[in-house]
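Make one complex out of these two single chains by using the hints.
In order, the protein sequence lines correspond to chains A and B.
The letter at position 262 of the first sequence is residue 262 when you use my numbering, and the numbering goes up by one with no holes.
The letter at position 23 of the second sequence is residue 335 when you use my numbering, and the numbering goes up by one with no holes.
Don't read these hints as lab results, they were simulated from the structure.
Small disclaimer: the values here were computed from a predicted structure and weren't measured.
A couple of the hints might just be wrong.
What the hints assert, rightly or not - Each computed DSSO-like pair below joins lysine-lysine, with the alpha-carbon atoms no more than 27 Å apart:
1) A/K156 - B/K370
2) A/K113 - B/K591
3) A/K94 - A/K305
4) B/K507 - B/K417
5) A/K305 - B/K423
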Amino acid sequence: MRSISRAATVPRRNLWREMVRHRALYILVLPSVVYFLIFKYLPLWNAQIAFKDFQPLDGIMGSAWSGFDNFMAFFKSYYFTELIRNTLFYSFAKLLFGVPTAVLLALAIFESKRPFFRRLVQTITYLPHFLSWIIMYGLLLMLLSPGDGLVNDVLKLLGFKPIAFMTTASTFPWVVILSDIWKEMGWSAIIFLAALLAIDPSLFEAADMEGANALQKIKYITLPSILDVIVVVVLLRLGNILDAGFHQIFVLYSYPVFSVADIIDTWVYRQGLLEFQFALATAVGLFKGVIGMALLVTSNRLVRKLSGSSLY
Amino acid sequence: MKVRRTPFDVVYQTTVEVFMVFIFLVVAIPLWRIIMQSVTPIDFAGTNLQALALSPLKWSFKAYEQMLSHPSFIRAAANSTKIVAGGVVTSLALTIPLAYVLAAKTLPGRKILSTFILIPFLFNPGLIPNYLVITGLGLADKLAAVFLPGAISVYNTFVMKSFFQGIPEELRESARIDGASEITVLFRIILPLSKPILLTIGLFYGVHFWNDFFSALLYLNSSSLTPLPILLRNILMAASMNEYVEANAFSEASILSIKAAGVILASLPMVVAYPFIQKYFTKGTLLGGVKG
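Here chain B stands alone, though its shape is the one from the complex (with noise of 0.2 Å):
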C-alpha cells in the first residue's frame, strides 16, 4: 500500500527527528562537560574555549588518581557496598515472603494482612516519629540504619506479589497434593520460576540503597562510616582544596576536576548496572502491572 507522502509529511518528520537530536544534546551535553572538567588539567586557561570545545584540549587523570587512591574514598566506596550488599539481602528476605503471603488465594487473613501494610504507606507521620525510633532502638551511627528502616518498599512489594499471582496456582496445589510443605513450594518450586522479578526487585532496592543520602546524614556520625554519596557531597560543597584534601598533602588536580572526577566515579555503578537495569526495570514495571 504507498502512501503519499506530502511536503507537509516530510516536513513533520524532519520536526521530529530534529527534536531528537535537541533532546539528546540537552541530557549529553552536561554529561560530558562534567566528564571533560574531570579531565582538565590545573594549569589550563581559558575557560571560553573550554566551554565550547568538543573535547579536552589536554588530558591529565590526576584527579581520578588522586580520589582513587585516597584513603576516604576507598572507605567510603567500601561502606556503601556494605550497605547495599546488607540492603539487598535483607529487603529481599523480608518482601519475598510478604509478597508471597499476599499472592497466596486460599489464606485467610490475607486482607488483613494486605490492610496492615497499606496503612503505614498511606499515612507517614514524618521524619522525627522515625527518627526517634531509630536512634532509640540503638541504631545510630550503625551502617543498619541506613538500609534496616527501609527494608520493605510497599512498591515493590506490590510488583512483587503482581509477579507471584502470575504463577499458575495449580502448580502450588498440585505440589502439596504431592506433600510437599509451604516452604518446598516457595523454595523448590516459585523461587527457580522468579529469577526475572527477583533480579529486578533486588536491583530496584539495590539502586535505592546506594544513591541513599539522607538516612546516612542522619544516622550515620563516624567518618569511618560515611558512605560515597556523602563523601562526595562533602567534596562538592568544598569551597577549597584545604576542606577536602589533609592539610600537607599536595594536590596536582584543580578542585574542579576532583569535584566532577568525584561526580563521575559515584556514578560508575549506576552506568555499569544501567544495561541490566534497562533490560529489567521497563519489564519489570509493566511486569507489575502498572497498566497503561
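The following block holds chain A by itself, in its conformation from the complex (with noise of 0.2 Å):
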C-alpha cells in the first residue's frame, strides 16, 4: 500500500525514472500484452459486427450499420424466451442440487472417523472433474444407452421398458443435471472443506463437555461457521449464471431434445458457425456478455463487502 501511494504522487521527473529503472520488466510483459491485444482485444473490436449487417464480402468495415435490428429480431423471435429459460433453468438446478450435494459431501467427510473413508471417497469424487465432458459423454453412454446401459439393464431385469434417457426431451434435463453433480460434487466440496477444517476445535471440545450430541454441533457450530463460504460460492455462481455449461450440453444434446437443452451458448454456435448468420450470433454473444458482466461485477461486490476476499 505505501508503495503504491509513493508512485501515485510521485513527481513527474522521479516517475520517468522509475520507469527507466524497471524498463527489463515492461519489455518482459510485451509479448504477453501483445497477446491481450490480439486475442482478447481484437475481438471486441470485431463485435461491432452486431451492429451491422455484416457481409462477409465487404468485411467488418465495408458492412453497413444497422444499428439495434439484429438485437431486435433475436428478441422478437420464438427462441429468445427458450434460450433464456433453458440457461436460466440449469444454472439454477446445478446451483440448486450442487451446492448442497457439495456440502453434505464435505460435512460427511469432515464428520467421519474412518481415515480410509476420507481418502477413498476424497480420491474418487475429485477425479472426475478433471475428465473431459466426451469422456463423460462416453460414461453416460456406458450407463443411459437405451440398447446397453448399466440404468437399463437394471430396468429390464425389473420389468420395465427401457428408456432413452440422452434423447428423451423429458428426461434430458436430469441428465444434465445429475451428471453435472456427479462430475463436480468433489471438486466443489473442497472449498466447504477447507472452511470445516478451519474451525476452531475448541468450540466443538466445549459443546462436547455441554453434553451437545452430533446433530446440535452442525446446527449451531458447523452450519454457521461455513455460512460465509456458503455464500461466496453461491453469490460467484451466481455472477455466472449466464454461462449454464456449454461444453457439457454441446456434447450431450442432440436433435431430438434441442427445445430442452439449447442455452444461449450453444445456439450462438448453431446459428453463427452452421448457419453463416455472424452479425445475428454476434449479437445474442454481445447481449449475454454484457448482462453477464453486470451479474458479474454486482455478485463480486457484495462478495468483497460481505467476506473481505474477492475473485480478484
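In C-alpha cells, the structure reads:
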C-alpha cells in the first residue's frame, strides 16, 4: 500500500526515472500484452458486427450499420424465451442441487471417523472433475444407452421398458443436472472442506462438555461457521448464471432434445457458425456478455463486502 | 476427557459412514462399468447378467489391441501431446512474466495493467468475434489454433501473482542493490523458489489443453490434425463399425468395447497425472488465496 501511494504522488521527473529503472520488466511483459491485444481486444473490436448488416465479402468496415436490428430480431424471435428459460433453468438447477450436495459431501468427509473412507471418497470424487465431457459422454452412454446401458439393463431386469434418457426431452435435463453434480461434487466440496477444517476445534470440545449431540453441533457450530463460504460460493456462481455449461450440453445434446437443451451458447454456435449468421450470433453473444458482466461485477462487489476476499 | 456415547451418536456416525460408502459406490460403479465393458468380448451374450456382475465374466483385451494399433489413434494421441506441449510452454512463457510484473509492488502502471487484463475477463464478446480473429490470423487448421487463443488464463495469472506476492520483497530489493538486473532476479532467485506454483499452473494448463475439444472442433479440419478428444467423440457417436474402422478391416472387438476402451485410454493420462494433480491442485487452490 505504501509503495503504491508513493508511485502515485511521485513527481513527473521521478516517475520517468522509475519507469526507466524498471524497463526490463516492461519489456518482459510485452509479449503477454501483445497476446491480450490480439486475442482479447481484437475480438472486442470485431464485436461491432452485432450492430451491422455484416457481409463477409465486404468485411467489417465495408458492411453497413444496422443499429439494433440484429438485437430486435433476436428478442422478437421465438428462440429468445426458450434460450433464456433453458439457460437459467440449468444454472439454477445445478446451483440448487449442486451446492447442497457438495456441502453434504464435505460434511460427511469431515465427520467421518475412518481415515480410510475419507481418503477413498476424496480421491474418487475429485477425479471426474479432470475428465473432459467427452469422456463423460462415453460414461453416460455406458449407463444410459437404451441398448446396453447399465441403468436400462437394471430396468429390463425389473421388468420395465428401457428409456432413451439422453434423447428424450423429458429426461434430458435431469441427465445434464445429475451428471454435472456427479462430476463436480468432489471438486466443489474442496472449498467447503477447507472451511470446515478451519473451524476452531475448541468450539467442538466445549460443545462436547455441554453434552451436545452430533446434530446439535452441526446446527450450532459447523453450519454457521461455513455459512460465509456457502454464501460466497453461491454469489460467485450467480455471477456466472448465464454460463449454463456449454461444453457439457454441446457434447450431450442432439436434435430431438434441442427444445429443452438449447442454451444461449449452443444456439450462438449453431446460428453463427453452422448457419453463418455472424451478425445475429454476435449480437446475442454481446447481449449475454453485457448482462454477464453486470452480474459478475455485482456479485463480486457483494462478495467483497461480505467477506473481504474476492475473485480478484 | 471422556465423552458419553449415546445411542443417537452411534446412529449418527453409522449414517455418516454409510453415506460415505454410498457416495463411493455412486462414483465407482459407472467407472467400473466402463472398465468392464472395455474387456468384454464380442461374442458375450446376456447383458442382464453382466449388469450385476462384479467382474467381467470373460476377459478380452481385443478392444485395446485394436485401438492402440490403429494409426488414427496413434496420430490423435501424438496431436494431443503436441498441443499440450506447445500449450504448456507457451502459456507458462506468457503467464509467468505477466504474474511477476503484476506482483511487482514498485512498478508504475501496475494498476493500469491489471485493469487492462480484467476488462476482457469480465466482458467476453462471445464465439463469433473470437472465431473471426483466429481464422483471420491464418491459424485455421493449425494445431496452434487450439492452444494459442487460450494461452493466458486470467485466473491462473492471479493465482501465480498471489504466490509471487508472498515472496518477501526484500529478496528482490537486496538483489537489485547488489546490481542484479530484473531478469536475473526473476530467473535466478524467484523462479527457483516458485517450483510448486509453476508445477501447479503448468498442470492446470496441461489438463485444460489435453481435454479441449471445442477449439479443435472449430479450427482443425484436416483429419491428420485430429486430437484425441475429437477422435473419441467420433468413435462414441459412430453407430456401427463401418463408420469408424476402415471398410475392409475385420474387427474382433465389438463396437461397444471399442468405445469403452477409447474412453479408458483417453482418460489414462489424467489418471496417471492424478496423484500429482491431487498433491498440487489442492495446495495450489489454497495457495492462490481462495480463502475460506
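* Satisfaction of hint between B/K417 and B/K507, Cα-Cα up to 27 Å -> It holds: about 22 Å lies between the C-alpha atoms, which stays within 27 Å.
* Restraint status (C-alpha distance of A/K113 to B/K591 at most 27 Å) -> 22 Å, holds
* Holds or violated: are the alpha carbons of A/K156 and B/K370 at most 27 Å from each other? -> Holds, because 22 Å separates the two Cα atoms, which is no more than 27 Å.
* Assess, step by step, whether the Cα of A/K305 is no farther than 27 Å from the Cα of B/K423, and give holds or violated. => Measuring from Cα to Cα gives roughly 21 Å; hence the hint holds.
* Within 27 Å, alpha carbon to alpha carbon, are A/K94 and A/K305? -> 25 Å, holds
The structure agrees with every numbered hint stated previously.
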